[in-house]
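Peer 1: Mind docking chain X on chain C? Use the hints.
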Amino acid sequence: MRNYLKLLHMEIHRFRYILFALIGLTALVQMCAIAFNAIGEVNKRNAYFEQTGRAPEEFFAAMSYTRAVQETQFWFAVPVGLSIAVLVIYAFLIWYRDWFGRSTFAYRLLSLPSERRNVYFAKLTAILTFVFVLIGFQLLLMPIGRAIFAMIAPADQLQPSYIADAIFANQVFKILLPRSFAEFFVNYGLGIISLLVLFASILLERSYRWLGIVYGLAYAGFCALLMVYPLLALGRNYSAGYFYTEEAYAIQMAIDALIVVSSVWLGLHLLKKKVSV
Amino acid sequence: MKRYLLSMALGVFAVGSIGAYYASGTEGDAPRYKLVTLEGDAGEAAKMRLSGSYIGGVGSKALELTVDGTNYQLTQSFYEKYLKDNRYLTSRYEDMKALKREHRDFMRARSNVDSFYKDSEWLIYADIFLYGPRGVYDWRTELKMDVLEEATGRVNEIRIELNVAKQVSWLRVEDVQRIGDEVHVLSQVRYRTGPTADGPSAVEFRDYIVDLHTGELLREAALVSEELAVSDSAGPGGALAAQSVTSEISLSAISSEVRSQPSEYVVLATSKSEQSVNEDGKEMKQTRRFAVFSYRTGKLTPLPEPSPGLSAYSNIQSELSGELFTILYSDRGSLAIARYNVATGAQEQGELTLTAEQFGGQSIHSVSLAQNRVYVLLTTVSSNKTRISDGRQLAAVVLDAGSGELLYKGEAAYDGPAEKADEFRKNLWLTNVNADRP
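If you read the protein sequences in the order shown, they are chains C and X.
Number 154 in this note's numbering belongs to position 154 of the first sequence; there are no gaps in the numbering.
Numbers in this note's numbering are just positions in the second sequence, counted from 1, shifted up by 277.
So that you can see chain C by itself, here it is in the shape it has in the complex (with noise of 0.2 Å):
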C-alpha cells in the first residue's frame, strides 16, 4: 500500500504543472466569459435608457446568470475539451513517457522491489484523480461565476439562479455532471472501462511492439462490440424484445464487468510476465 500511494503521489506530482495549468486556462476563460457577458448585458440596457428613458426592466428580462450561462456555453465549453484532449492523450503519455522519457525511467520503475501491479493501479488512480479534480474544479467555478456575475449586474436587475439549474443549462455539462448521481455513476464508470481496456492495448503494445499494435486494437474494438452488443441486439428498447428491460441490462453489466476483470488482469499479466524495457 505505501509503495502505491508512494508511485501515485508520484504520478500526479509529474502532471501538476499541467494540471494547475488546466485549472487556471479553465477559471480564466469561464470567468472572462461571464464577465463579459454581464458588461455587454449592462451596456445594452444603459444604452436603452439613454436613447429611451424608459428603465431597462421595462424591455429585458432580468439578468439571471443561468442564462448568462447558457449564453456562453461555447467559452464553458473551449477549456473543458482541452482538458478533456489533454487526459486523454496523458493516458497514452502516462505509459509511454517512462519508455521515451529521459534515462529510461522505465528499468528503473519495473525494477523497484515492489508488486508491479503498484506502478498499474498508481497511474490508472492517478489519472482518475486528475479527472476528478478538474470536474470538482468545475463545480468551485460555478458559484464564483456567479458572484462575479452579480458583482457586475445591477442588484434591481438580478434574478436569482441556483447553480444546478446554471450547470444543466450548458450542453457539455449535461454529459459531465448530469443532474442525478446514478447517471454520473454509469457515465464515469463506462469512462472508467474505457481507461482499462486502453491501458490494456498499450500493454499488448509494449509487450508485443508492432504485432502488439494490432493485438491492442482488436482488444479494444472486440470490448467495444461486446459493450454495444446488448443494446443493439437485445431489443431493450423493443416493445416485442425477447429479454426484458432488467435482463437486458443484467446482461450488459455482467459484460462491463467482464470486461473490467479481463483488462485489469490482462495488464497485470502483461506487466508482470511481458512487458520488457
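There could be a bad hint or two in this list.
20 Å max Cα-Cα, derived DMTMM-like pairs, lysine to aspartate or glutamate [said to hold, decoys possible]: (1) X:Lys324 <-> X:Glu688; (2) X:Lys374 <-> C:Glu246; (3) X:Lys697 <-> X:Asp306; (4) X:Lys697 <-> C:Asp156; (5) X:Lys377 <-> C:Asp98; (6) X:Lys443 <-> X:Glu497; (7) C:Lys174 <-> X:Glu304; (8) X:Lys703 <-> C:Glu11; (9) X:Lys377 <-> X:Asp713; (10) X:Lys377 <-> C:Glu247; (11) X:Lys374 <-> X:Glu700; (12) C:Lys274 <-> C:Asp98; (13) X:Lys443 <-> X:Glu504; (14) X:Lys576 <-> X:Glu497; (15) X:Lys324 <-> X:Glu534; (16) X:Lys311 <-> X:Glu700; (17) X:Lys374 <-> C:Glu247; (18) C:Lys174 <-> X:Asp306; (19) X:Lys311 <-> X:Glu688; (20) C:Lys6 <-> C:Asp98; (21) X:Lys703 <-> C:Glu57; (22) X:Lys374 <-> X:Glu398; (23) X:Lys279 <-> C:Glu11; (24) X:Lys549 <-> X:Glu534.
Don't read these hints as lab results, they were simulated from the structure.
These numbers come from a predicted model, not from an experiment.
Peer 2: Frame of chain C; chain X shown alone:
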C-alpha cells in the same frame, strides 16, 4: 507525510466537491407543488395525474402533479433511468404487470395489449403477422396464437396460415375473447381495392374464430366494412378545385377497459370526417357511429344515435366497463356523458350535460375518462392557457361518470413558505389530466 500533501489535498478536494454537489441536491429551481383538497375524498384522486411545466427561471421543467406531490423528470433514480421496464405493455397496465410476474416466460416479446385474453383457466395471446412481399403479389398472413392452460402450465402454440384473397396493406388485432371452446380474434384489416398502392382502399373488422383445443380455424366473418373514400371534387384539379369534399373514415374497437378480462361484447366505432371547401371557406363535419358486437350471438347491434347537440362536441372519449359503455363528449365550456348497456343496446339514462361553471370553473382545459370516473382540469378564467396567475386558479375535479356527482375537487398550490406562494404559483402551467389505467 508532508510531501504527499498535494496528492491528499487533490483527492480530498475532488471527492468533497463532487460529493457536496450531489448531496446538496441538483434539482435547482424546481419548487414543489401539491394538490389541496377543496371538496370530497382525496382517495378518489389517487389515480389522477396532472402534467405540465414549471416555467420559472431559464427554460421550463416538465412535472407531474398528483395527490402525493410533485414529480420532476430531472433526477431520475438509477432504477428509473436504467432498469425500469420501458416496454409500454408491462409498465403502463397493472394487469399486464401482474401477468408478467405470474407468467414471465409466456409474456416475453409481447407487444400488443389488445392481443391478450385471460380467465381463470386460460391465458391467450393472439397476433396476426403480415409477411413479405417477396414478390409483388406474395403477401402471407399468419395468425399466431399461444394458449396457456393455467391448470397444467402447458403452452399450445397455434399457427394458422390465413387465406386472405385481398391485397392486405395493414392489419392489427383489436380484441381476443373466448366463448366456450371458441377463441375470437377480432382484427382490423386494411386492404387495397385498386391495382396500385396509392389507389382506393377499404378497411374492415374481421373476426377469426379458432378452436381452442385443435387450433383449427373454424370460420371467419367480416363485421364492418368501409370504403376509404378519396377526395371528391367538383372541378378539375382534384383537391385544388374551387369546390371539393374530402372525407376520412376510421374504425376503432373499444374493448373492455381491463384488457385481460373476459367480455362477451366489443364496441365498434366508425368515425367519418368530411371537410368541404367552397367560396365561403372550409367546413368540417364529423359523424360517429357505434355498434355493439356480441361474440356469443355474432350479432352486431347499432347503438342509438346521440342527440344532435352531442355531435357538436369537438372531443370524444369512450370506455367499455363490464356491460356499460360510456361516451364522454367535451369542449371548453361543458362536457356531456352518454351511457349504454351493451347487453340490451339501450341507453342507460338520459344524456348528462355538465358545465364548467357547475364545478366553480369557467373553462375545461383537459378531460380524461377512466374506470367510471371523469377527471377534469378546470380553469376559472376562460383562456387558452392554464397558467396560474393572480385570480386565475386551476382546479381538478373527479366526477362519477354515471351520475355526474362531484367526488373530489382539488387545487394546485405551492408547497412552501406562504410568502412565496403567489410567486411560484404564477410559474406553474398545467396542460393535461390523465388517470392511471388498470
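Peer 1: With reference to the structure, classify each hint as holding or not holding.
Peer 2: Status of the hints after comparison with the structure:
As the CA atoms of lysine 324 of chain X and glutamate 688 of chain X are separated by approximately 16 Å, the hinted pair is consistent with the 20 Å bound. For the hint pairing lysine 374 of chain X with glutamate 246 of chain C, the CA-to-CA distance comes to about 14 Å; that is within 20 Å, so the pair holds. A distance of roughly 13 Å separates the Cα atoms of lysine 697 of chain X and aspartate 306 of chain X; the hinted pair therefore holds under the 20 Å criterion. For the proposed pair lysine 697 of chain X and aspartate 156 of chain C, the alpha carbon gap of about 18 Å is at most 20 Å, so the pair holds.
Of the supplied pair hints, the one linking lysine 377 of chain X and aspartate 98 of chain C is violated, its CA atoms being roughly 57 Å apart against a limit of 20 Å. Taken as a hint, the lysine 443 of chain X and glutamate 497 of chain X pair is honoured in the structure, with Cα atoms around 14 Å apart against an allowance of 20 Å. About 13 Å separates the Cα atoms of lysine 174 of chain C and glutamate 304 of chain X, which keeps this hinted pair within 20 Å; it holds. Annotation: proposed proximity of lysine 703 of chain X to glutamate 11 of chain C is violated, straight-line Cα distance about 55 Å (limit 20 Å).
Among the hinted pairs, lysine 377 of chain X with aspartate 713 of chain X is consistent with the structure: their alpha-carbon atoms are about 18 Å apart, no more than 20 Å. Note on lysine 377 of chain X and glutamate 247 of chain C: the hinted pairing holds, with a Cα-Cα distance of about 13 Å set against a maximum of 20 Å. Proposed proximity of lysine 374 of chain X and glutamate 700 of chain X is contradicted: the alpha carbons are some 41 Å apart, above 20 Å. With a C-alpha separation of about 16 Å, the suggested pair lysine 274 of chain C and aspartate 98 of chain C falls inside the 20 Å cut-off, and the hint holds.
At roughly 14 Å between alpha-carbon atoms, lysine 443 of chain X and glutamate 504 of chain X fall within 20 Å of each other, so this suggested pair holds. As the CA atoms of lysine 576 of chain X and glutamate 497 of chain X are separated by approximately 14 Å, the hinted pair is consistent with the 20 Å bound. The straight-line distance between the Cα atoms of lysine 324 of chain X and glutamate 534 of chain X is roughly 15 Å, inside the 20 Å bound, and the hint therefore holds. Pair hint lysine 311 of chain X plus glutamate 700 of chain X holds up; C-alpha atoms about 15 Å apart against a cutoff of 20 Å.
Between lysine 374 of chain X and glutamate 247 of chain C the CA atoms are separated by roughly 16 Å; this keeps the pair inside 20 Å, and the hint holds. Using a Cα cut-off of 20 Å, the hinted pair lysine 174 of chain C and aspartate 306 of chain X holds, with the two alpha carbons roughly 16 Å apart. Between lysine 311 of chain X and glutamate 688 of chain X, the direct Cα distance comes to roughly 8 Å. Compliance with the 20 Å bound is thereby established for this hinted pair. Taking the CA atoms of lysine 6 of chain C and aspartate 98 of chain C, the gap is near 16 Å; set against the 20 Å cutoff, the hint holds.
Taking the CA atoms of lysine 703 of chain X and glutamate 57 of chain C, the gap is near 19 Å; set against the 20 Å cutoff, the hint holds. For the proposed pair lysine 374 of chain X and glutamate 398 of chain X, the alpha carbon gap of about 19 Å is at most 20 Å, so the pair holds. For the hint linking lysine 279 of chain X to glutamate 11 of chain C, the alpha-carbon distance of about 16 Å falls within 20 Å, and the restraint holds. A hinted pair counts as satisfied when its Cα atoms are at most 20 Å apart, and lysine 549 of chain X with glutamate 534 of chain X does not qualify at roughly 24 Å.
Of the hints listed earlier, those the structure fails to meet are numbers 5, 8, 11 and 24, in rising order.
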